[in-house]
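K.L.:
Here full-length UniProt numbering is used: position 349 in the sequence shown is 349, and no number is missing along the way.
Just so you know, the hints here were simulated from the structure itself, not pulled from any lab data. Just so it is clear, the structure is predicted and the values come from calculations on it, not from any experiment. Heads up, some of the hints might be wrong.
As the list claims (entries may be wrong) - Below, simulated DSS-like cross-link-like pairs (lysine-lysine); rule was C-alpha separation at most 25 Å, straight line: (1) 447 x 55; (2) 445 x 480; (3) 480 x 447; (4) 480 x 55.
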Amino acid sequence: MVHVAIVGAYGSAGVAVADELLERRGERSDLELTLIDDGDPGGGLCILRGCMPSKDVLSAGQHRYQARHDDRLEGVPDVDPEAVVARKDDHVSGFAEHRRDHVHDLAEREGVELLRETARFVADRVLAVGDRRIEPDYVVVATGSSPNIPDLPGIDDVPVRTSADVLDATTFPDSGIVLGNGYISLELGPYLSEVGDVDLTVIEHDERPLDAFPDAYGCLLYTSGYISLELGPYLSEVGDVDLTVIEHDERPLDAFPDAYGDTLLEIYRDQFGIEVVTAADERRLEPTDDGGVRLFAERAGDDGRGGGGDDLTVEADELYCFTGRNPNLEGLGLERTRLEPGDGWVSSTMQAIDDERVFVVGDANGREPILHVAKEQGFAAGANIVHHAHGDDLEPYANVPHHVIFAGLGVYPVARVGHTPATAADSGMDAFVVTREASSDGVFKTKDHPEGRATLVIDADSGAVLGYQGIHLHADVMAKTMQVVVEMGLDVREVPNRAYHPTTPELLDGLFREACAELEERQQCVGPDSRDPAL
1 MVHVAIVGAY
11 GSAGVAVADE
21 LLERRGERSD
31 LELTLIDDGD
41 PGGGLCILRG
51 CMPSKDVLSA
61 GQHRYQARHD
71 DRLEGVPDVD
81 PEAVVARKDD
91 HVSGFAEHRR
101 DHVHDLAERE
111 GVELLRETAR
121 FVADRVLAVG
131 DRRIEPDYVV
141 VATGSSPNIP
151 DLPGIDDVPV
161 RTSADVLDAT
171 TFPDSGIVLG
181 NGYISLELGP
191 YLSEVGDVDL
201 TVIEHDERPL
211 DAFPDAYGCL
221 LYTSGYISLE
231 LGPYLSEVGD
241 VDLTVIEHDE
251 RPLDAFPDAY
261 GDTLLEIYRD
271 QFGIEVVTAA
281 DERRLEPTDD
291 GGVRLFAERA
301 GDDGRGGGGD
311 DLTVEADELY
321 CFTGRNPNLE
331 GLGLERTRLE
341 PGDGWVSSTM
351 QAIDDERVFV
361 VGDANGREPI
371 LHVAKEQGFA
381 AGANIVHHAH
391 GDDLEPYANV
401 PHHVIFAGLG
411 VYPVARVGHT
421 PATAADSGMD
431 AFVVTREASS
441 DGVFKTKDHP
451 EGRATLVIDA
461 DSGAVLGYQG
471 IHLHADVMAK
481 TMQVVVEMGL
491 DVREVPNRAY
501 HPTTPELLDG
511 LFREACAELE
521 ERQQCVGPDS
531 RDPAL
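Starting from the given sequences, assemble the full structure and let the hints guide the process.
P.N.:
Shown next, in the form of structure tokens:
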């Protein structure tokens, strides 16, 4: 018998491990599973407090913003925050029930049990679960992540809100300070401004948010994180919050060409009224006499580093910490085992470095907390547990970066698939880059959103498409098309360059044509011809 215990069985990664193991019972008929989860009601982070509820509330802000943005329409609609939250809660309840039903169905199968209790290690691969003690052959840790609250002097003395608070909010303050300018701030900031009418200030350490775009945590203390990039517009648009965002860099999207970060800053400042303070470092916080928060920060000096710059003081009603997430390992009792969490503590096979029979998947391993990555890691771990039990070689998990930030309430999503110009250069690739403005294609003008641009990274020898980045209307949808192109290693000369006219994917057609021209083989591109169909 091979006994596997999965701690965090309701989450996306944990479910994926269970599904994969049960699919492989033909290879290992003696598999037994103990599924463990103390979630109430249970359903996983993405469903309960992450990607799904955030997109639900963002849609309300998006509709208001687009009505306000279009001067052909008269009047700006009001948003009912209570109705927004009620609909979100109803949808989340249904999504979570569907997930729980699936796990409960698994538990009905022979050799599978579900324990609705808290698990903790009492020794290496020995778990206390409620009043039971179990000693499985393998343990899978799939416990997700929790909000990161920075260790900033004075933070315990002021009112602090996280993304979970925003998703449940039906009332909003007049003003707010945002720490972190990553995924969630870029999404919820405009929501607070547009719907909550909150005056927001964002403090950015650098020239741009997302200093290392591939790092989904983006949150070492106050560095740009995905949380801030997504939630910022929500707070601005729906909450009508006066927001100040602290950005450590000079502009967002540091791994992208500068024009991307500049575009994002322009959109957030001009269209959502969010103040983004760039190249700044927080120093301390203190409460104001009226129950608000006062932030003391310092702008970077002439050398671009902290120190030697101007002092900055910002006051607001509330502090929003969109400073990323940490692996949710507290209370697991890891100190009673040989496991030592930290950088590199989980290998590419999803095994803990310190114990080859412990697998850590999803947000819990801190590698790349993205839903599809968590699921793929779960499938990989399930397969590798069977391989390990057979004494076979294990397969490392690797993936092509595929990220989407629903910036600007999802109207101006930021997408990345594969290499950026910077990562291609760092990898020593012989590659070239083509970029096209969204306004080059008339369809973006007709849809009243000509802002933004897209970029392709092309292998100079083979013509293979190595990467795509976009910040423009429908970039999130085009990312799927480009995932197929990039992951299949397609030669740009073999990609059809004819979208239906007029549709926004004509932006991709333009990039394909320009890349073919750069390769001096325009005639080899697939399609009726290589001319611009708008001509």
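K.L.:
Are any of the numbered hints broken by this structure? If so, which, sorted upward?
P.N.:
Failing hints: none at all.
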